[in-house]
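J.: Once you have looked at the hints, place chain B on chain A.
Residue numbers (this note's numbering), protein chains in the order written: chain A, 1 to 381; chain B, 1 to 288.
Derived from the structure by calculation, the hints contain no laboratory data. Don't take every hint at face value.
[Claimed, not checked] Quick list of in silico lysine to any residue cross-link-like pairs, SDA-like style, CA-CA up to 25 Å: (1) 243(B) to 127(A); (2) 286(A) to 248(A); (3) 243(B) to 129(A).
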Amino acid sequence: MRLHEHQAKNVFAGAGVPIPDSALATTTEGVVDAAEEIGFPVAVKAQVHVGGRGKAGGIELVESPEEARAAADRILGMDLKGYTVETVLVEAAVEFVNELYVGITMDRDAGQPVLMVSTEGGVDIEAVAAETPEAIARVHVDPVAGLRPFQARQAVYRAGVPDDVASDVASVLSTLYELFDERDASEIEINPVMVTNDREVVAADAVMNVDDDALFRQAGLAELEAESYTNDLERTAGEYGFDYVRLDGNVGIIGNGAGLVMTTLDLVDYFGGTPANFLDIGGGAKAERVANALDVVFADDNVDSVVFNIFGGITRGDEVAEGINTALEQFEAIPKPVVVRLAGTNAEAGMEILNTDLVEVEATLEDAVERAVDNANEVSQ
Amino acid sequence: MSILVDDDTRVVVQGITGGEGKFHTEQMIDYGTNVVAGAVPGRGGQTVAGVPVYDTVERAAEAEDADASVIFVPPAFAADAIFEALDAPIDLAVAITEGVPTQDMAAVNAAVSDSETTLVGPNCPGVITPGAGKLGILPGNIFEPGNVGLVSRSGTLTYQVVSNLTDRGLGQSTAVGIGGDPIIGTSFVDAIELFEADPDTDAIVMCGEIGGEDEERAAAFIDDHVDTPVAGFIAGRTAPPGKRMGHAGAIVSGSGTGTAQSKIDALGEAGVPVGDTPAEVAAIVADF
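For reference, chain A alone in the conformation it holds in the complex (with noise of 0.2 Å):
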């Protein structure tokens, strides 16, 4: 789960990080408000999870009210690569000398979380990792023993960072640690922290991913949540319990197991289609459930034609036929096109109840992503 902005730096000033001040709104009267109550010059800042909102247009420096509520009429309600704004953050401009980088993620391949930081901040640091990877200092820390105090330092000083923050640059970074330990993070960033005239150091943004699979144990932030999504459709399949990821093609897909369904993604493309979503119904699926994904996929709009693909080791084809049926039923004509393959545990049986007047049918998985990609043309030509 990958916290908004603001959500992240309340969780960081919480633990004592220093942020800005700064206030949310939904409404252009509402940034306005907050602008005079913080003082110009003031960002004004989209909370949605996109990459580069700045480059986007969706932060903008405004310095008087009236500039205030032209960006607040601009943002609120943009479309930010394919997601409508809602909220913006409105926060102090901080001026600056210096801006850097401090983050914590979780190396796979090492197994443990590794510290990086790096002088270069304030710009897509992923670009700096791959062009001058010696600007990044990197101190991998032992999950078990957790970190110790000279790593934190190790990093800095390794990075570069000036020596009279230093010391303040190493603390927000081991109050970063702790939260990423305790809180279950997957990755925590801040960039920029930028070091004003004073020599203080903020936390100018913030970003904060928790591992779902602790989500259990974090009442917390597993209360963010539902703030977090970002798109109805989103929200649907995650009150659902799906694994789901909109894209932006036109053929809906639905299947049991991550591998699987990134595959028949994947078919659909090789077949000259393009992908609606991703939506993976999990292992040992129920009937009612089966029908619930069949509700998300003919929510989108977007969508023209469906692919149901199933291939059973717990579960089980009868009762994904039973929910396709169930599903399917309640609707005087089909809304889009659904091609069904069923494969694996109890395939046969479920071939038998499965209602092929409101679906097509095809025994291999080629074959029925094929044909669901014709039928997504012929409907939207």
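T.: Frame of chain A; chain B shown alone:
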């Protein structure tokens, strides 16, 4: 021959009294697996599916001479179950549980490196040696004994590829589902190394997916150390950056590392043909 599992493997099931544990214990026994014990705290003395249950893995292993374990305990307790298997000690621990917190696995990872146990998983379908036994949830009926070794990060994709192989009369020596999490026990390299040393494995299929660099490392290893022909498949060509595609480990980073293309290129450079579809992978193996 085969890898990891054979006719002599003696299995203890951790979490045998839960719904999944009981169901799959019955399935494993039906398949001919030597399930000799269960281990569940507080349930010692009970019997599940005709199998005696012990309170600890240590007792189960001692009393029934078990050398392998399969783990069905819930995510919050899975790391502890793996630690217990390491301590017993058990030679092979297969963790089926999906949803184990990554930081728990970081702690497990450190302990596994210092142990003599081979860990497979978590978040995996398990290991099957067709005709000998299976540890996990793979549907036995789609497998046939043969000479193709298969290693995969995904469960149902494994079934798809296996059915394509079996349809062509290409049986399997062993199939290993290594799991879709960011931190796992057995890697592609580990499994491929075992297949290379197995005289009855004549061809290897590796099914990878986006995220991390395990496939790239496997490609380099194959280039340097493997004579057995290898065919590949990589899922996630159409996955957008920054989105978790179901598996916790299946994510392309914002900077574009962990992409399908990077893995396909690495395998290509190592001389490993990569199929565009699962059926094509089986066709490649048939041509070896």
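J.: Give a verdict on every hint.
T.: Here's how the hints hold up against the structure:
1. A threshold of 25 Å between alpha carbons decides the hint, and for residue 243(B) with residue 127(A) the separation of about 19 Å falls inside it, so the pair holds.
2. With a C-alpha separation of about 28 Å, the suggested pairing of residue 286(A) with residue 248(A) is violated against the 25 Å cut-off.
3. The straight-line distance between the Cα atoms of residue 243(B) and residue 129(A) is roughly 20 Å, inside the 25 Å bound, and the hint therefore holds.
Violated hint for the displayed structure: number 2, the only one.
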